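Colleague: Those protein sequence lines, which keep their order, are chains A and B. Residue 79 in the numbering used here sits at position 79 of the first sequence, and the numbers go up by one each step. Residue 137 in the numbering used here sits at position 137 of the second sequence, and the numbers go up by one each step.
Calculated from the structure, these hints are not laboratory results. Keep in mind that this is a model prediction, so the values were computed, not measured. Glycine is no exception: its CB is placed at the ideal position from the N, C-alpha and C atoms. One or more hints might be untrue.
Unchecked claim - Below, a sample of chain A positions facing chain B; criterion: calculated Cβ distance under 10 Å:
| hint | residue |
| --- | --- |
| 1 | I351 |
| 2 | P353 |
| 3 | Y354 |
| 4 | G357 |
| 5 | T369 |
| 6 | A410 |
| 7 | M413 |
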Amino acid sequence: MLADINIPTPALDLDSIRKDFPILDQQVFGQPLVYLDNGATTQKPKIVLDTLEKYYTHYNSNVHRGVHQLSQQATEAYEHSRITIAEYINAAHAREVIFTKGTTDAINLVAASFSRSVLKQGDSVIISALEHHSNIVPWQMACEYTGASLKVIPINEKGELRMDQYEALLDDSVRIVSVAYVSNTLGTINPVKDIIRLAHARNIPVMLDAAQAVQHLHIDVQALDVDFLAFSGHKLYGPTGIGVLYGKEEWLHKLPPYQGGGDMIKTVTFAKTTYNELPYKFEAGTPDISGAIGLEAAIKYIKHIGLENIQAWEEQLQTYALEKLQTIKGLRLIGQATHRSGAISFLVDNIHPYDLGELLDKQGIAVRTGHHCTEPLMDLFQIPGTVRASITFYNTIEEIDRLVAGIERAAAMLR
Amino acid sequence: MTINEKQEQVIGDFSFMDEWMDKYEYIIQLGKELPLIEDQYKTDDHLIKGCQSRVWLHTEMKNDKLFFTSDSDAVITKGLVSLMISVLSGHSPKEIAETDIYFIDAIGLRNHLSPTRSNGLLSMLKQIKLYAVAYLAKAQQNGQA
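For reference, chain A alone in the conformation it holds in the complex (with noise of 0.2 Å):
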């Protein structure tokens, strides 16, 4: 009953909040826009905006080969972000944070430099079955070029990890686990805890896709003892074409560079090249300067929210969405993981996403709609797609509210 679900107060000053996202207070087809695609991408607060503003206007210049004023300006500005960042995720260095274009660049080189260091003919790799297409297709290249064979940790109905079927793929021919930490299609929070335990058991090292997770869970990367973990700086409320790589230092010395040019070389000779240590060891070209900037600015951002404080309010919210939109007559939700976060994934009666998905934008409200680049997982539940509403903190109760009776309108006019 719609009088039983229990309306929360945000602890944040949420009134505040919203005006630090100048984005959010626009129409669209002349009604105020719900923003319900967080998963895809997430809105820029001011700040980083300013400081982008700030690096192109006062000392845009290449990294650390300069000896000029605004070249030292910009690589001490590159290389803070990196501290911070290192400081975030808790990396015992920060030479142990690779800039790369963003989680599925970070992903295709740990699978390349695997390709070409690790994977042989008869050893295998382990997935599961709610991978993006990110953590699903470098994979898949590593193995066609090694001969290694790909497995897969199955899910249940519910669209949890079979942790029974996950512990009897962990045999010797396993050279590393890849897994999102979050699903972005399901909400899924896997036991990555359990996972990393299972497979350090046999020695076997462990990467994270953590583009769903970094933006809603505190994550330390050393008490999680993962290997590798790779995340997007435009899902953290930072700009598109900059993400990270953490790799533990020994991983990092062991596995060799996979893209040549750059600041990734020490000496080159045409007889030998001797590579950089790390972590330019890993970033070759001109790295997304403004990117690693203006990704420093939105983690300061979160911090002076407080990540406690924005989990806080996104549980509460998502707790609210889930009520709510279970009181929509013929509403079957897709992924009903006990641990969940972000993404809400539904499907009404027999009417196609797309449909759902074109009636909800022509009311102003957001969200996404088709296989969000998870088909194995859709071919799974056998659906075409979804409707996938992603919240954050920034999202009010008045926007689930405008949601849910965006769906009914929709919904009525389908059927």
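Following the hints, put chain B in place on chain A, whose structure we already have.
Modeller: Using the frame of chain A, we list chain B on its own:
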């Protein structure tokens, strides 16, 4: 009615609706009236490439005129197909191949549809025109055009 007269009629129908939700209501209604493709033609070789939702299109020549039937798994797509078919079905291949289709822009559909839907609509138009050109070429070969 000529194709252009039908286009003008569609533009006229849409001009009465100010709200986009009303326009969608109308499109959905059209979808429900779509001449449905026979099941035997709902095969991969009748699927239109470029549509995010699945669209099957079948073409038939009767008395030198082309007739289209279609289906889709998405209702709004069905409505858009229906709109396109209502304008183009029942005309000669020459007329279909040569007429400029301007009603999509005139009713604001291209700008207001999501890019994937908009691309799908254009793919559909392209496919219909291709059929018309193919029939036209065949007729010319047989000395009928």
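Colleague: Hint by hint, say whether it matches the structure.
Modeller: Evaluation of the provided hints:
no.	hint	result
1	I351	holds (7 Å)
2	P353	holds (8 Å)
3	Y354	holds (5 Å)
4	G357	holds (8 Å)
5	T369	holds (9 Å)
6	A410	holds (9 Å)
7	M413	holds (6 Å)
In summary, this structure violates none of the numbered hints.
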